[in-house]
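Undergrad: Chains B and U are the protein sequences, given in the same order. Okay, so the first sequence: first residue is 1 according to this note's numbering, each after it adds one. Okay, so the second sequence: first residue is 360 according to this note's numbering, each after it adds one.
Heads up, a few of these hints could be off.
As the list claims (entries may be wrong) - Below 25 angstroms or equal to it, Euclidean Cα-Cα: the simulated DSS-like pairs (lysine-lysine) are:
hint, chain 1, residue 1, chain 2, residue 2
1, B, LYS29, B, LYS282
2, B, LYS48, U, LYS388
3, B, LYS48, U, LYS407
4, B, LYS29, U, LYS407
5, B, LYS132, U, LYS374
Hints are computed from structural coordinates only; laboratory data are not their basis. Just so you know, these numbers come straight off a predicted model, no measurement behind them.
There are 2 protein chains.
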Amino acid sequence: MNLSNTDLSRFWSPKVHELSPYVPGEQPKISNLVKLNTNENPYSPSPKALAAMEEQLGDLLRLYPDPNATALRQCLASYIGLTADQVFVGNGSDEVLAHTFQALLQHGQPILIPDISYSFYPVYCGLYSIEKCEVPLSEDLTINVSDYQQPNGGVILPNPNAPTGELLSLDSIRQLLTANANRVVVIDEAYIDFGGQSATQLVPEFDNLLVVQTLSKSRSLAGLRVGFAFGQAHLIEALERVKNSFNSYPLSHEAQAGAIAAIEDEDYFQYTCQANIAQREKLAGQLQALGFSMTNSHANFLFVTHETASAKDICAALRLTGIIVRHLTSSPRIDNYLRISIGSASECELLVQALKELL
Amino acid sequence: MNLSNTDLSRFWSPKVHELSPYVPGEQPKISNLVKLNTNENPYSPSPKALAAMEEQLGDLLRLYPDPNATALRQCLASYIGLTADQVFVGNGSDEVLAHTFQALLQHGQPILIPDISYSFYPVYCGLYSIEKCEVPLSEDLTINVSDYQQPNGGVILPNPNAPTGELLSLDSIRQLLTANANRVVVIDEAYIDFGGQSATQLVPEFDNLLVVQTLSKSRSLAGLRVGFAFGQAHLIEALERVKNSFNSYPLSHEAQAGAIAAIEDEDYFQYTCQANIAQREKLAGQLQALGFSMTNSHANFLFVTHETASAKDICAALRLTGIIVRHLTSSPRIDNYLRISIGSASECELLVQALKELL
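Go ahead and model the full structure; you've got the sequences and the hints to work with.
TA: Next comes the structure, spelled out in structure tokens:
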């Protein structure tokens, strides 16, 4: 709806006209599609998480949940080796990120973000009137932390980066934190469990580090909506103040109980992460044999480009065979790439067969 | 934590220092308390809603939910007699209200709110830098809509009002909408199902009306976190633009499916609403016999004051007997009142017995 020329737009706050909302990957309502477009985990959630959620279904739901999610924060703190006042939880990591932009990144100076990165970051900048400075990835589509040293209002980047999957070492993160000691540096670790080393271990050392994680990828719970942040207590306090000025009870009983049980089921977590990694390496080899090259992904997706066929054509042709992958067109540098989520073994096999026939 | 004099506060966005976050009613972790402090419904959620939620617990949870909650919005639209583009859904009505303040009430002029009302409204004003003009309730603690005619950036009020439970007629709402034809008027109907007439029927007629509702009270689902707004499509579009700049997927599979089943279980809904109303009228009579007077509540709570005993003392004494009620101290005009949620028949009996012994 475009209301800019109608009378009715007078009801909108002026800001609303300027927004460019985020467009999530398609959640198709057709079944039997091979869905490799939104980086969901092909493995089911932990059976223990499902059992814990089932236990919540009863009279309890007439009551408000714990607004402070005390048990969940304590569980995460123990798991990571921090204290509960160093943990924040929200309705998916997107909500956690939104509060982060408002609570910690509004300093009247542009924040630094990679030019090719999670495309929600510029949207948050728009929502909270934060200027951004997009720092170009290197020629090989990796992040060079020495490019993040100009004056700024904060730094945010995913590690591994999306949609490239390229990983920064902890040494690089440390360098980034040291170079920006007076600003908050947010490391968005949505994909860290697929082969990276988490920066959460740097929290006690750096008072400017906030690490964001999610249950949506490595814990197979995209449908539950739970995300976290870890940082020293003064950073978490800022998030709590914004959260408690926005919505007292963002996490249902279900979400709190399911999250605790998922975190506690370490064996299942390790098993499914390793299986995803093995499948990623296998698929990478198969795609290389078909003429694809790719970034060095440490996430649950591959970011690939073909030597002759265009990404746009491959994406459209795959769709006709019932396979959905993501073609991101946000930057000309990557518009001949496809982001392909790591599916189950059979889904990956269907993909490889379809590509063999297409190419 | 007060960081204003420490170095670490330099990491906070300046806005964070100014916030006065909302403090929700206590959610005690002790069991066996008679909890009459947060207006939860004493009846369990609809068994059909619980069954629908149980069906969601499985492999499906590894996938993102429908970001647009299409089925739920269609269900609500049919139920109310509107179209899906006239319905917005969020993570509890608090999130819906937050987006409403940002999307529709920022016009550089003070918004009008009752001076005694839902205490989250001033908090949202703080979060979004919206000035407010608090319009005093009449001497009898009711809202007089003719007091809402000065220039403003919008109007928001609960109907029935909280914490008084006093109800405005649809004629008064109509008068309010007509007098503020160039600003959005938000009617927050968290308690409407306990004896009021909803303003949703005025949506087709008024392009400036937004009606907010929740599953937390009359549907016994405070623990699920689902709220709604109804308004003409241009108002809903503003909310969608903000929501999609904040969090694509606020409602889990569980929340969407549970909400649909709860709305569809009309018989259970009518039965529990009528039972709450009957219990309210019975409790009102019992309390009057004990020397309490009260506002004319159309909500699932009573707002009472005693002829001799102070509200503060009664609240503290009840607490010692394991009964929690709410003593709101936000305004001197009501600091000798208690807000008492309508509990089950046995909870209300325990309350009456305890009061008989105390007074």
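Undergrad: Hint by hint, say whether it matches the structure.
TA: Cross-check of the supplied hints:
1. LYS29/B / LYS282/B: Answer violated: LYS29/B to LYS282/B is near 29 angstroms, above 25 angstroms.
2. LYS48/B / LYS388/U: 24 angstroms, holds
3. LYS48/B / LYS407/U: 24 angstroms, holds
4. LYS29/B / LYS407/U: 24 angstroms, holds
5. LYS132/B / LYS374/U: The hint holds at about 19 angstroms.
Going through the hint list in order, the structure does not satisfy hint 1, though it satisfies all others.
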